[in-house]
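Residue numbers (my numbering): 327 to 459.
In silico DSSO-like pairs for lysine-lysine, Cα to Cα no more than 30 Å straight-line:
(1) Lys449 to Lys407
(2) Lys365 to Lys407
(3) Lys449 to Lys395
(4) Lys407 to Lys395
(5) Lys407 to Lys361
None of these hints come from the bench; they were simulated from the model.
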Amino acid sequence: MSWIIPVLLIAAIISMASLARKNQKEPPEMSESDKRELKHTIRVNLTILEDELSRLNSEVESLGDFPEKAEVDARLEFANKSVADISPVLNHVQSGQEISQMLRTVFAAMNKSTEVRRILIQKETELRNAQEN
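All chains should be built: construct the whole structure from the sequences, respecting the hints.
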């Protein structure tokens, strides 16, 4: 008999969780105006990112091999792939969720490029300090 109460509690918890899941609503679709503004934001950030990636790729190539090169290359690859994946399809995307995901991806790519810039600044500082000594 002592097992009946735990079984009933577990059954009650499962049924309440099931009802709660059914009652969850999907987030409302964003307005056309919001979609346009987000697409514009993505375009602006893609332009900034493309320019920065162009400079970063050149700088990394000019440095040759260095200990952090694999890490830098992986971050640049992610950022370059993000730009290549999003740029051609941005105008055709209609779903607010897809647009939001693209914005998150662009921001993630911008973070990667910022991390690469930080590594390169550290590397340049190390090179300058080594030349001064």
